[in-house]
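**Q** Spelled out, the chains give:
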Amino acid sequence: MELFAEYVARQRPALMRFATVLTCRTWLAEDLVSDVLGRAFERWDRISAMAEPHAYVRRMVVNEYLSWRRRLTRASPRAEVGPVAVSDGADERAERDAMIRRLAALPRKQRAAVVLRYYAGLSDREIAAQLGCREPTVRSQVHRALKVLRVDLTAGAPDFQETS
Amino acid sequence: MSDLRTLHDAFAELERRADATAAGTAPVARPRRAVRLVPVAAAAAVVAGLVASAVWWVPGDSGTPAGPPTTSSTIAVRGPVPHSPDDLVARFREVLGDTATVEVTRENVLSSTPPPSNDPSEPPPGPGSVVTLSPPPPVVPDASTYAMVGGTLTSAGVTGSFALVVEPGASDVWCGIPRVDCDVSTLPDGSRLATGTARRAPGAESYLACLRRPDGTMVFLQISNQEDPSGAAAGSPGGEIHAPRPPLTVDQLKAIVTSDEW
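Chains A and B, in that order, are what the protein sequence lines are. Each residue of the first sequence is one higher than the one before, starting from 26 at the first, in the numbering used here. Each residue of the second sequence is one higher than the one before, starting from 48 at the first, in the numbering used here.
Hints in this document: simulated from the structure, not taken from any laboratory. There may be inaccurate statements among the hints.
[Stated by the list, open to error] Quick list of simulated restraints, FRET-style, between CB atoms:
hint: 1; chain 1: B; residue 1: Thr-146; chain 2: A; residue 2: Asp-177; range: 31 to 37 Å
hint: 2; chain 1: B; residue 1: Glu-287; chain 2: A; residue 2: Lys-172; range: 33 to 39 Å
hint: 3; chain 1: A; residue 1: Glu-31; chain 2: B; residue 2: Arg-292; range: 36 to 42 Å
hint: 4; chain 1: B; residue 1: Asp-307; chain 2: A; residue 2: Asp-70; range: 41 to 47 Å
hint: 5; chain 1: A; residue 1: Gly-146; chain 2: B; residue 2: Ala-302; range: 43 to 49 Å
hint: 6; chain 1: B; residue 1: Arg-125; chain 2: A; residue 2: His-168; range: 49 to 55 Å
hint: 7; chain 1: A; residue 1: Ser-165; chain 2: B; residue 2: Gly-237; range: 48 to 54 Å
hint: 8; chain 1: A; residue 1: Met-75; chain 2: B; residue 2: Gly-250; range: 21 to 27 Å
hint: 9; chain 1: B; residue 1: Ser-306; chain 2: A; residue 2: Gly-146; range: 23 to 29 Å
hint: 10; chain 1: A; residue 1: Glu-31; chain 2: B; residue 2: Ser-306; range: 44 to 50 Å
hint: 11; chain 1: B; residue 1: Cys-229; chain 2: A; residue 2: Gly-146; range: 32 to 38 Å
Since the model is a prediction, treat every value here as computed from it, not as a measurement. Even for Gly, the Cβ is constructed at its ideal location relative to N, Cα and C.
Given only the sequences and the hints, what does the whole structure look like? Please build it.
**A** Right, here's the structure in full:
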């Protein structure tokens with residue numbers, strides 16, 4: 026059984042990345058991950074005995090993100106960002122940043138579905154279980170999200186390799 | 048149109064921002080889609096921080112950042128918004144009277160200050176920009192903060208979970224909560240009252256009551272017979288059902304959020 030501190034040392038960076046991709050905001054990701062790890066600590070005996078503790082904790086992150094309470098935490102002082110221009114201008118970067126903006130503007134449920142599908146690589150069934158809805162709903166959410174994101178699936182690209 | 052590669056690039060950039068935040072230092076620009084290494088030093092640093100954070104969340108541990116002393120009912124004049132968890136809980140207990148008892152296991156101090164400028168909905172930094180990050184400051188209760196608390200609530204022998212927040216200023220989130228049948232009415236004083244019910248799993252029930260006063264202050268209370276007061280799908284975290292029904296009714300929730308004891 027893995028100690029909580031060991032789990033945190035090993036997986037917190039991955040959780041932070043997942044939460045940042047999910048929320049598109051580093052300050053909110055920090056908030057989410059700290060909150061979820063705090064609760065995971067309280068019940069670590071049970072979680073660490075599971076077959077896939079990390080999958081469970083990540084699911085806690087999704088739940089927390091979609092929860093009513095979290096919807097009300099609209100403001101929290103967090104990391105302060107000051108842009109510093111660097112003149113290695115690249116159209117690709119502009120395109121990527123535009124994609125992040127479109128991702129951030131998606132309704133939460135759609136964004137969660139897209140992230141779970143294309144970032145975490147989950148199946149429709151797994152996503153449906155995480156979001157508490159039916160598989161056709163997942164497909165519809167993903168379809169609508171890709172339309173808003175202006176992603177053309179016919180242009181092939183390899184699967185995303187999540188850093189862990 | 049873009050392809051999935053652009054979406055993956057967006058994910059990679061967000062990962063990079065997460066790493067930079069965890070490290071608490073200005074990130075070094077690195078090639079797109081380069082091999083991403085876990086910053087070992089950063090991991091060690093967050094463990095130290097996490098231990099403190101985890102201990103902070105132990106039930107019953109009141110390791111809240113130092114704040115003003117608990118406000119009691121003897122204070123003659125007080126603002127509409129409790130600024131610390133202690134104050135919020137004290138007022139909640141006053142409003143509840145003999146109706147219910149609460150045990151607080153979670154506390155949050157929040158700021159009504161708008162989020163920082165790294166919100167992607169704002170104009171982004173120029174292409175190729177590097178962001179400078181500094182460690183987040185601790186949130187200490189003061190006149191500009193408000194609080195959110197959660198825990199268990201027991202009434203007439205039934206125990207369930209609750210979450211409560213009294214927030215200043217009109218929230219952009221009102222009753223647009225998915226999968227909640229929301230019923231909104233206007234009260235004689237101009238306040239708007241929303242109530243809702245959610246059933247996230249068989250046998251599970253969560254109630255919501257939210258009052259938005261004319262001055263914009265929002266009193267939000269939710270309660271459930273599940274571990275998570277928001278309700279959760281069966282088998283998912285927070286989805287355990289503790290009682291056949293929530294410890295309070297929707298009408299009781301209405302009476303609580305509209306109480307003039309706040």
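**Q** Quick check: does the Cβ-Cβ distance between Ser-306(B) and Gly-146(A) fall within 23 to 29 Å?
**A** violated (49 Å)
**Q** Has the hinted range 49 to 55 Å been met by the Cβ atoms of Arg-125(B) and His-168(A)?
**A** Hint holds: Cβ distance 51 Å, inside 49 to 55 Å.
**Q** Does the Cβ-Cβ separation between Thr-146(B) and Asp-177(A) fall within 31 to 37 Å?
**A** violated (57 Å)
**Q** Okay, Asp-307(B) versus Asp-70(A) on CB: inside 41 to 47 Å?
**A** holds (44 Å)
**Q** Assuming the hint says 44 to 50 Å, is it satisfied by the Cβ distance from Glu-31(A) to Ser-306(B) or not?
**A** holds (47 Å)
**Q** So the hint says 33 to 39 Å: do the beta-carbon atoms of Glu-287(B) and Lys-172(A) match that?
**A** holds (37 Å)
**Q** Can the suggested window of 43 to 49 Å be confirmed for the beta-carbon pair Gly-146(A) and Ala-302(B)?
**A** holds (48 Å)
**Q** Just tell me: holds or violated, for the beta carbon distance of Ser-165(A) and Gly-237(B) against 48 to 54 Å?
**A** At roughly 39 Å between Cβ atoms, Gly-237(B) and Ser-165(A) fall outside 48 to 54 Å, so the hint is violated.
**Q** Given the range 32 to 38 Å, decide if the beta-carbon distance of Cys-229(B) to Gly-146(A) lies inside it.
**A** holds (35 Å)
**Q** Would you say the C-beta atoms of Met-75(A) and Gly-250(B) sit inside 21 to 27 Å of each other?
**A** holds (23 Å)
**Q** Glu-31(A) and Arg-292(B), beta-carbon distance inside 36 to 42 Å?
**A** holds (40 Å)
Checked against the numbered hints given earlier, this structure breaks hints 1, 7, 9; the rest are met.
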